[in-house]
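Chemist: The residues making up each chain are set out below.
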Amino acid sequence: DTEVTQTPKHLVMGMTNKKSLKCEQHMGHRAMYWYKQKAKKPPELMFVYSYEKLSINESVPSRFSPECPNSSLLNLHLHALQPEDSALYLCASSGGTDTQYFGPGTRLTVL
Amino acid sequence: RKEVEQDPGPFNVPEGATVAFNCTYSNSASQSFFWYRQDCRKEPKLLMSVYSSGNEDGRFTAQLNRASQYISLLIRDSKLSDSATYLCVVNPTSGTYKYIFGTGTRLKVLA
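Those sequence lines, one after another, are chains A and B.
Going by the numbering used here, the first sequence opens with residue -1, and the numbers climb by one from there.
Going by the numbering used here, the second sequence opens with residue 249, and the numbers climb by one from there.
Okay, chain A solo, but in the shape it has when bound (with noise of 0.2 Å):
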């Protein structure tokens, strides 16, 4: 099984709100990513868990936190974004440094 899940499908909020996209996988996998893309754009890296510790963060504004809790899940959580953050985030997981497999993503919309 190479599933990735993603909860929300979708999201819509407020500037002042705080809400928490979730990540999970159940492959084993060490490495698990964040990336947000725009339309017509490729996904653009945003953050790395390794062995659930964060070793890359791609100087991501601080109205986005991110947090792996276990082996398993991953959530990024959002406060005081700005409508140009609407965007489709994307989780994904990896073994090592081979194949990554994405969730579905989040489609978010700030107001």
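It is worth saying that the hints were derived from the structure and are not from the lab.
Incorrect hints may have been included.
Estimated spans, in silico, between C-beta atoms of each pair [said to hold, decoys possible]:
1. B:R314 x A:G12: 44 to 52 Å
2. A:G12 x B:T344: 32 to 40 Å
3. B:G257 x A:N15: 34 to 42 Å
4. B:T309 x A:G12: 47 to 55 Å
Reference listing, derived: stretches of chain B covered by chain A, where coverage requires no fewer than 3 residues with Cβ under 8 Å from a Cβ of chain A [as the list claims (entries may be wrong)]:
5. 272 to 283
6. 298 to 310
7. 343 to 351
We put the beta carbon where it would ideally sit given N, CA and C, even for glycine.
Chain B: place on chain A using the hints.
Modeler: The following block gives chain B in isolation, referenced to the frame of chain A:
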């Protein structure tokens, strides 16, 4: 020069045609190479990993040319359902989780 470059297309081809995409990469030490397919408003899905010896999966053939630093994807007998964006992904360094995405090549297969 971009780390990973693809022709954005679109490639408009009739059903049954053979179409080929190339993707060039700048880091000669790159270790892992992948083709992903992404449908509109969906997540990227792994199409093929690309191995040094080349690999084939049904109508799809992937090749790696290390000397010229490019990978290719050949689609034979194109189907309408092959219409999608094809993303080239490179892992430039062994042991890193920082995958580099090409901009994607759009393919439209026409009836």
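Chemist: Each hint needs a verdict: does it hold in this structure or not?
Modeler: Hints and how they fare:
| no. | hint | verdict |
| --- | --- | --- |
| 1 | B:R314 x A:G12: 44 to 52 Å | holds, 50 Å |
| 2 | A:G12 x B:T344: 32 to 40 Å | holds, 37 Å |
| 3 | B:G257 x A:N15: 34 to 42 Å | holds, 38 Å |
| 4 | B:T309 x A:G12: 47 to 55 Å | holds, 49 Å |
| 5 | 272 to 283 | holds (count 3) |
| 6 | 298 to 310 | violated (count 0) |
| 7 | 343 to 351 | holds (count 8) |
The structure shown violates just one earlier hint, number 6.
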